[in-house]
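A.B. asks: The sequence shown begins at -14 in this note's numbering and counts up by one.
Check the hints yourself; a few may be wrong.
[Claimed, not checked] List of simulated lysine to any residue pairs, SDA-like, C-alpha gap at most 20 Å:
| id | residue 1 | residue 2 |
| --- | --- | --- |
| 1 | Lys35 | His297 |
| 2 | Lys264 | Thr331 |
| 3 | Lys173 | Glu141 |
| 4 | Lys264 | Ala306 |
[As the list claims (entries may be wrong)] So the derived label-pair ranges between C-beta atoms look like this:
| id | residue 1 | residue 2 | range |
| --- | --- | --- | --- |
| 5 | Lys173 | His297 | 46 to 52 Å |
| 6 | Glu232 | Glu346 | 37 to 43 Å |
| 7 | Pro119 | His54 | 25 to 31 Å |
| 8 | Val66 | Asp296 | 30 to 36 Å |
| 9 | Gln21 | Glu157 | 32 to 38 Å |
| 10 | Ser324 | Arg350 | 34 to 40 Å |
| 11 | Asp334 | Asn55 | 31 to 37 Å |
| 12 | Asp296 | Asp81 | 38 to 44 Å |
| 13 | Arg197 | Ser310 | 27 to 33 Å |
In short, the hints are calculated from the structure, not lab data. Even for Gly, the Cβ is constructed at its ideal location relative to N, Cα and C.
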Amino acid sequence: MTRLQDLYTTFGQSPWLDNLKRSYVTGGRLAELIGQGVRGLTSNPTIMAKAIEGGDEYDEQFSESMAAHNDVLNAYWDLVVQDVTDALELFRPLYDESEGSDGFVSIEVAPNLARETASTIEAARNLHERIDRPNLLVKIPASEQGVRAVRAMIAEGRSINVTLIFSLERYESVMEAYLGGLEDLVAKGGDPSKVASVASFFVSRVDTETDRRLEAVVADDPGSPRAERARSLRGRTAVAQARTAYEHFERRFAGPRWEALAARGARVQRPLWASTSTKNPAYSDLAYVDTLIGPSTVNTMPEETLARFLDHGKPARTVDADVESAHRVLTDLGSLGISMSDVAETLEDEGVTAFEKSFDEVIERLSEKASRLGMRADGADA
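Modelling step: build the complete structure from the supplied sequences, incorporating the hints.
C.D. replies: Shown next as structure tokens:
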């Protein structure tokens, strides 16, 4: 048994791969990773941009799509949908074997829709209808507008990965959208057992932003007790918040309201730990993996982090360890004047902007590629 397999078999956590490129599917790498214990896959506009720009493996389909659609944007979606569909086929046996609890692949709506509820609903619905696989998760950002779209999509019986969650307050809204959506679905006579969802906390970025603010506290009053307290909190916020989020998860998915849905076959909305590669070299290379292991969770990792966990990860239940200490970390941050709500707002804006930039850049690169391949952007021969 690999360490990844141990995560699921012993501790109930599903390790997913946070990357997708065509060579993973065609070259057998994704099948190999599934054999080692990977149970699902996530991607985002930045990941897809890197894959498409990274070589010539997309050129043939891109040329065909340009000829058919006369539009670079439609050609982009052809490339992405093909990769996701092929990955879904590789994960389908796992989905069937697990009776729909794993084997998922995610595709994200266009990031420029993050602040538009109606457009997000339309885009998510179109992706579900276009790909039409039971193990597809459409990713919707957890902006205020996106959360409203999540409820609407769950109410239609569609499976959703709610992404870019940075705060406990927004996480509560995400869980409410899921529960409310399931109740809406049941009220219309729908089957909640066919719906899956994960709530994706972006972990390491929280430490990046709070550490920056803690360093400012230290610089403002070096040598003081306040500065020492700030130093002691560096690198601790992300895990503290994630462990507290897991506490919220256990509370929400219990009691009469949830039991009524569970009796109809509804599944919990699992917390998913994303952005789990270590950004600060001073911290453990598995700082956001070894510390967040527990039942009914997902950890999606880039391939380098997966390899490190396979080599020297420490499978053990840790997600609910010393929750009181986690609470103290969050309280101490507040006493230093660091607002987690403001941290979350900053990170959400940065996350949406970064994905928009990647999306715009890949469309620009594809337009340039169309010229190199002898095609105008309108699909006509050059």
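A.B. asks: Hint says 38 to 44 Å; check whether the CB-CB distance for aspartate 296 and aspartate 81 agrees.
C.D. replies: 31 Å, violated
A.B. asks: For lysine 173 and glutamate 141, compute the direct alpha-carbon distance and say whether it is at most 20 Å.
C.D. replies: 9 Å, holds
A.B. asks: Measuring from beta carbon to beta carbon, are aspartate 334 and asparagine 55 in 31 to 37 Å?
C.D. replies: 34 Å, holds
A.B. asks: So does lysine 173 sit 46 to 52 Å from histidine 297, Cβ to Cβ?
C.D. replies: Given about 49 Å between the Cβ atoms, the range holds.
A.B. asks: 30 to 36 Å was suggested as the range; check whether the CB atoms of valine 66 and aspartate 296 agree with it.
C.D. replies: 34 Å, holds
A.B. asks: Range hint 27 to 33 Å: satisfied by the CB atoms of arginine 197 and serine 310?
C.D. replies: For serine 310 against arginine 197, whose Cβ atoms are near 22 Å apart, the range 27 to 33 Å is violated.
A.B. asks: Lying within 37 to 43 Å: is that true of the beta-carbon distance glutamate 232 to glutamate 346?
C.D. replies: Holds: the Cβ-Cβ distance is about 39 Å, inside 37 to 43 Å.
A.B. asks: Hint says 32 to 38 Å; check whether the CB-CB distance for glutamine 21 and glutamate 157 agrees.
C.D. replies: Holds: the Cβ-Cβ distance is about 35 Å, inside 32 to 38 Å.
A.B. asks: Can the restraint linking lysine 35 and histidine 297 be considered satisfied, given a maximum Cα separation of 20 Å?
C.D. replies: 28 Å, violated
A.B. asks: Can you let me know if the beta-carbon spacing of proline 119 and histidine 54 is within 25 to 31 Å?
C.D. replies: Holds - the Cβ-Cβ distance for proline 119 and histidine 54, about 27 Å, lies within 25 to 31 Å.
A.B. asks: If you check the beta carbons of serine 324 and arginine 350, does the distance land in 34 to 40 Å?
C.D. replies: 38 Å, holds
A.B. asks: Would the pair lysine 264 and threonine 331 pass a check requiring their Cα atoms to be no farther apart than 20 Å?
C.D. replies: Distance ~18 Å between lysine 264 and threonine 331 Cα, so the pair holds.
Going through the hint list in order, the structure does not satisfy hints 1, 4, 12 and 13.
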